[in-house]
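Those protein sequences? They're chains A and B, same order as listed. For the first sequence, full-length UniProt numbering gives the first residue as 1, with consecutive numbering after it. For the second sequence, full-length UniProt numbering gives the first residue as 1, with consecutive numbering after it.
Derived from the structure by calculation, the hints contain no laboratory data. Predicted model only: the values in this text are computed from it and were never measured. Be a bit skeptical, because a hint or two may be false.
[To be verified] Residues on chain B that point at chain A, a partial pick, calculated with CB under 10 Å:
(1) 49
(2) 51
(3) 344
(4) 348
(5) 462
[Said to hold, decoys possible] With a straight-line cut-off of 30 Å between C-alpha atoms, the simulated DSS-like cross-links for lysine-lysine are:
(6) B:516 x B:179
(7) A:526 x B:67
(8) A:535 x B:397
(9) A:349 x B:458
(10) A:338 x B:458
(11) B:349 x A:458
(12) A:535 x B:535
(13) A:374 x B:349
(14) B:535 x A:458
(15) A:349 x B:397
(16) A:474 x B:474
(17) B:458 x A:540
(18) A:458 x B:542
(19) B:474 x A:526
(20) A:540 x B:179
[What the hints assert, rightly or not] With beta-carbon atoms standing in for the labels, derived distance ranges:
(21) A:474 x B:500: 18 to 24 Å
(22) A:492 x B:285: 31 to 37 Å
(23) A:290 x B:45: 36 to 42 Å
Here a beta-carbon is modelled for each residue, glycine too, at the ideal position from N, C-alpha and C.
Protein chains: 2
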Amino acid sequence: MLIELDRIYVIPLGGLGEIGKNMMLVRYQDNIVVIDAGLMFPEEELLGIDIVIPDMTYLFENRDKVKAVLVTHGHEDHVGALPYLLREIDVPIYGTKLTIGIIEAKLREHGLTGARLNIVKPRDKINVGPLEAEFIRVSHSIPDTLAIAIHSPVGTILHTGDFKLDQTPVDGEVVDFRKFAELGEKGVLLMLSDSTNAERPGYTMSERVVGNTFDELFGRCEGRIIITTFASNVHRIQQAINTACKYNRKVAVVGRSMINNVNIARELGYIAIPEGTLVDVELINRYPDNQLVIVTTGSQGEPMSALTRMATAEHRWVSIQPGDTVIISATPIPGNEKLVARTIDMLYKQGAEVVYGPATGVHVSGHASQEELKIMVNLIRPRYFIPIHGEYRHLKKHARLAENLGIPRSRIFVVENGQVIEVGRKKAGVIGKVTSGRVLVDGLGVGDVGNIVLRDRKQLSSDGIIIVVVTINKETGTVIAGPDIVSRGFVYVRESEQLIEEAREKVREALLVCEKKGATEWASIKSHVREALSKYLYEKTKRRPMILPIIMEV
Amino acid sequence: MLIELDRIYVIPLGGLGEIGKNMMLVRYQDNIVVIDAGLMFPEEELLGIDIVIPDMTYLFENRDKVKAVLVTHGHEDHVGALPYLLREIDVPIYGTKLTIGIIEAKLREHGLTGARLNIVKPRDKINVGPLEAEFIRVSHSIPDTLAIAIHSPVGTILHTGDFKLDQTPVDGEVVDFRKFAELGEKGVLLMLSDSTNAERPGYTMSERVVGNTFDELFGRCEGRIIITTFASNVHRIQQAINTACKYNRKVAVVGRSMINNVNIARELGYIAIPEGTLVDVELINRYPDNQLVIVTTGSQGEPMSALTRMATAEHRWVSIQPGDTVIISATPIPGNEKLVARTIDMLYKQGAEVVYGPATGVHVSGHASQEELKIMVNLIRPRYFIPIHGEYRHLKKHARLAENLGIPRSRIFVVENGQVIEVGRKKAGVIGKVTSGRVLVDGLGVGDVGNIVLRDRKQLSSDGIIIVVVTINKETGTVIAGPDIVSRGFVYVRESEQLIEEAREKVREALLVCEKKGATEWASIKSHVREALSKYLYEKTKRRPMILPIIMEV
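Using the sequences and the hints, build the whole thing.
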C-alpha cells in the first residue's frame, strides 16, 4: 500500500459495523493520529471473555509514526483500550479535563504510570507534526465531549465523535454551532459522523427533559426515591441531586462505579453538590423515607450491581420496601433487555413502584437522531462523507440520509474496520486493507483466547464433558487400570449410574477391539474410544458432550 | 390443602410471572381440567437446554382426577408440553381443527400414537364430569384461537387464552363479542385474562394493516420480495400470498417449519392458494425477479434458519442479491434482538433493501393492548380477576388497569405459578401452594439436568477445564505416571506450553507435600492439587477454570 505525499488517509480500526471499541486513525505521510481507543463488551457467544478491544497490529507495526491519541470523551467505548495501547506505545494523550480524569483513574487501575496526559479545552488547537488538531464542543451523555477537526495540507477532516445537538444542556455549554459553521464555510474535505441513532426519526430530546420528569415524580412521591442510571452520566446525576435538594431530600450514592464517578466529577468541578446533601448509605435509616434519594448503579440489571442486590434483598444497607419508587433512568443496552426486565419484575415483587421505559421521560439518548444528523451534514456540507459509530444498517441509513441531502453517492463511503480510505482534494476511495478485528481479553490474557478455545467453551457449555482415563502397560499394551469415567456438565451422575456403567462397558469393548486389531497408536485408540462413546451417548441422550480420552502409560 | 365441595380451584402451573409454558388447572371436587400445556424456550443462562416445560408433578400425583386438556390455540407455548403430559397421563384433548392438526403433527414427531384428540368449534360445549366447557372465538396471530368458559356449580370461570380484538380479521371471523357479553350479563365468577401487552397503551392494530403495507411495498418493488414471519402466522402468510397474486408474482415457500405449517393449514382449509401460484424453490431462477415472492423462516435471526443462510450465501437455492427487498414481518422475541439485528446487517451487506421495525407496518402483535384489555374487563365485569400470561410487571399493570375500571383491589389476585386460588361465590383467596416450577428438557433427558449440571456448564463455558491425571502405586502411594495435564477451553495450549509446564510443576510439588504429610486419602490429595493449581493459575491468568484431578491406582 503506497502512502502518497499529497493524500490523507483514514483507517478505522473499530466502531464501524459495530457499536463499541471505537478507534479511528488519520495518517498523513509519516504521521498517525489516533482518535479514541475504546473497548466493547463481549457478545454472549464470546463465552468467558471480559472485554473486546481493537486489533492494533497496524499501530504497533507503525509505532514510530504514532504521534498522538486524541480522545473525544470518557466513555469506555472510547477510552477502554487505552491501557492496552499505552503498554505498547508511549504516546501523548489529549482530552478534556473530565476525560483525562477518567483516563487517569483507569490507568491507575491497570498499574500504568508515567503516561503523557494533556488537558485541552474546546476551541484549543494543537500541532501534531504537520497536522493541526482542533477541538470543538458537542453535547453527549457525559460532560466535556468533543468533536475533532484535523487540519492537514490536503484539507480538513472532521470527526464528530459521539454527539447530539442539545439546545438546553444541563451545564449550559451548547454545541459550538458557530465553529462547525465556520469549518463548513471554509470547506471540510471529509466528515466522519456518529451513526448510532441513524434509524431514529426526529430529534433526540434534551437532557433537560429528564430533569422535568424528575421534578414531576419527586413532587408526588411520598416514599423513598431510588434512581439508577449510567455512572458516567454526570448531568443525569446532577439533575437527580438538584431535584432532591428542591424537595428537601438527602442523597445517598451507592455502587462502586457510581461512587468513583461522582468523586472524579466532583473533584474536577463537573458536579455541584450543596453542603449537607450527601448522606452515608449506612445511615439512611436515620432519615424519613420522604427525605431520601438513593442514586445507584444497576441500570442494566447487572446481576452483581447494587440495584439488583436491593431487589433481591441481598444489599447490605438498602432493601426495597413498599412505598419505594424506583426510577430506571437508562435504556437497556442491546443484549441486556432481559436482565433489566427481570430486575423490574423483582422490584415490583418487593412492593416498589417502578418508572421505566421510553414513554415515561426518565431517559433520553446521548446520540443525534435523523434531523440532527441532517443539521450536521448541512452545516458542514463536506466533500466526502463516511458514517461511523454504528452497526452496518446504521451506517447504511446514515449514508442514505446524506445522499438525500444532496451529497453525491460517489462521495459517500460505507466502509468497514481495517479499510484504508485515501482522500485527495479531487479524489477519494478505498485503496486497501490493514490488519483489523477484535482482540479478546480474558483475565490477564490479551488475545490468547482464539477460535479453538471458544469452540471448546461452546461445546462444554452446551453438553459438558466426559473424561475417560485408562492406564496401559507400556510394554504389553494391556489395560492395567480403568477405564475410569468422569463427567461434568453432562448428566447428574448420581441419577445416571447405569448410563455411566454402560458407557464404561462401551469403552472396554472399544479397547478390546483395538487390542485385537493390534492398534497401539494412542491417536487411533483414542479415536476409537471417542467414536464408540459418542455414538452410544447420543443414542441414549441425544446430547454430544466433549469426549476426552486420556491414556496413561506405566 | 383441603378441597371443599362447594368451591372451585384454579392452579396455574405455568405462564404467570413469565412469557411461555402456559398451563392452567381448574379443579372442582375430583375433576381437574387442564387449559393449555405449553413450553418455553430456555433463557440463555440455561446452557445447553433445549426446551423448558412446566413441572407437572401435581398433575401426575392426581392423574386419576385429570379429565380433559382444553387447548386454546396451536402455538408452542400452549401445546409444546403436551407430549410430556400425554406420556404420563392418557387424557382426552380438545381443540379447534387447526390446533388439533398441529398437535397431531407434534405427537407424530414424538412417536406418540393413540392420543384421544377431539375437534371442537367455537360455541361448542362439552361436558367434563360436573363441569361444562364452552369455547368462544377470539382473534390472535394464529387462526382458530379460543377463549374457554368453564361453567361449574359454583360459577363460571372465563379463561381468555391469548387474544386481541381484531375488528377486521383476515378470515372474517370476528371475536365473539356477543358471547362474551352474554357471559358477562349472566355473571362470571372469575376471569383469567392475557397480560402479554398490558404495558402497551391504545389498541393493537388489525392484521389487515399488514396486508395494506404488503400491497404498498409490492406495488413499488422491482426485484424479488422475500418475506419472513412466524411459520404459525397463517393469516400473515395468506396475506403475502394474496398480495403476490395481485401483483402476478409466484410464491416459493422455504424453510422446514414454514413448509410444514403451510401444508397443515392448506390441508385443513386455513390457507387458500390459487392454482399455479406456488413454485418450487429449486426452480425460482426460471422466473424474473419481479415475478417472485419467497416466504421463509428466519424471522428471529436463528443461525440455522433459511433466511440467515440466504444472508450468508449458504442457502442451497436462494442467495440475496442487490435489488431484493426483504420484509421482516415479525418482532424479535425478547432475547433475540441481537440475532435479528445481525441478520438485517448481513442482508444489507449483500445488497438487499430491508424493511423492518415497528414504524414500517409490516408486523402487528397478536395480543390485546390496554384499551382492548379494558373492553374485555368491561364486557365481563367478573367478580374476581386474575391476570395471566405475562411477566410479573405485566400482571401488575393488568391488575392496575382492572382496578382503575372499578374491580375492587381485594378481588384481584396477582398470583404466581403453583399457588392455589380457592374461589367461592362470596369469597376467594390463595390458600396454598403445590409443586411447580420448570422442568428442563435436554435431548432425551427430561428433568435430569439440574442446578449442579448447569453450574458446571457455566464454569466450563467461562473458563474451561483443566484435568490432572496421576497414576499412583496402590501399595506404596508413590506416583508412577504423570501428572499429566490436559486442558480444554482454558488457553490455547500450543501458545501456553510454559504455563502448562509450570502448572505440572505445581502439581508435583503438591503431591510431594501430600506424600511427606502421609496424606493418602484421595479426597485430601485431590483437594491439595486443586488448591495449588487454582491459586497458581489465577495469579498467572486471572481465570478460574474447573480443575479436575483424577487419580488412577495400579
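Against the structure, the hints come out as follows:
1. 49: Holds, about 9 Å.
2. 51: violated (12 Å)
3. 344: Cβ of residue 344 of chain B sits 5 Å from chain A, so the hint holds.
4. 348: Since chain A brings a Cβ to about 5 Å from residue 348 of chain B, closer than 10 Å, the hint holds.
5. 462: holds (4 Å)
6. B:516 x B:179: violated (85 Å)
7. A:526 x B:67: violated (54 Å)
8. A:535 x B:397: violated (51 Å)
9. A:349 x B:458: It holds: about 27 Å lies between the C-alpha atoms, which stays within 30 Å.
10. A:338 x B:458: Distance of about 18 Å is within 30 Å: holds.
11. B:349 x A:458: holds (27 Å)
12. A:535 x B:535: violated (38 Å)
13. A:374 x B:349: Holds, at roughly 24 Å.
14. B:535 x A:458: Roughly 25 Å separates the two Cα atoms, so the pair holds.
15. A:349 x B:397: It holds: about 12 Å lies between the C-alpha atoms, which stays within 30 Å.
16. A:474 x B:474: holds (18 Å)
17. B:458 x A:540: holds (23 Å)
18. A:458 x B:542: Distance ~20 Å between residue 458 of chain A and residue 542 of chain B Cα, so the pair holds.
19. B:474 x A:526: holds (26 Å)
20. A:540 x B:179: violated (50 Å)
21. A:474 x B:500: 18 to 24 Å: holds (23 Å)
22. A:492 x B:285: 31 to 37 Å: violated (52 Å)
23. A:290 x B:45: 36 to 42 Å: holds (38 Å)
Hints 2, 6, 7, 8, 12, 20 and 22 from the list above are not met by this structure, while the remaining hints are.
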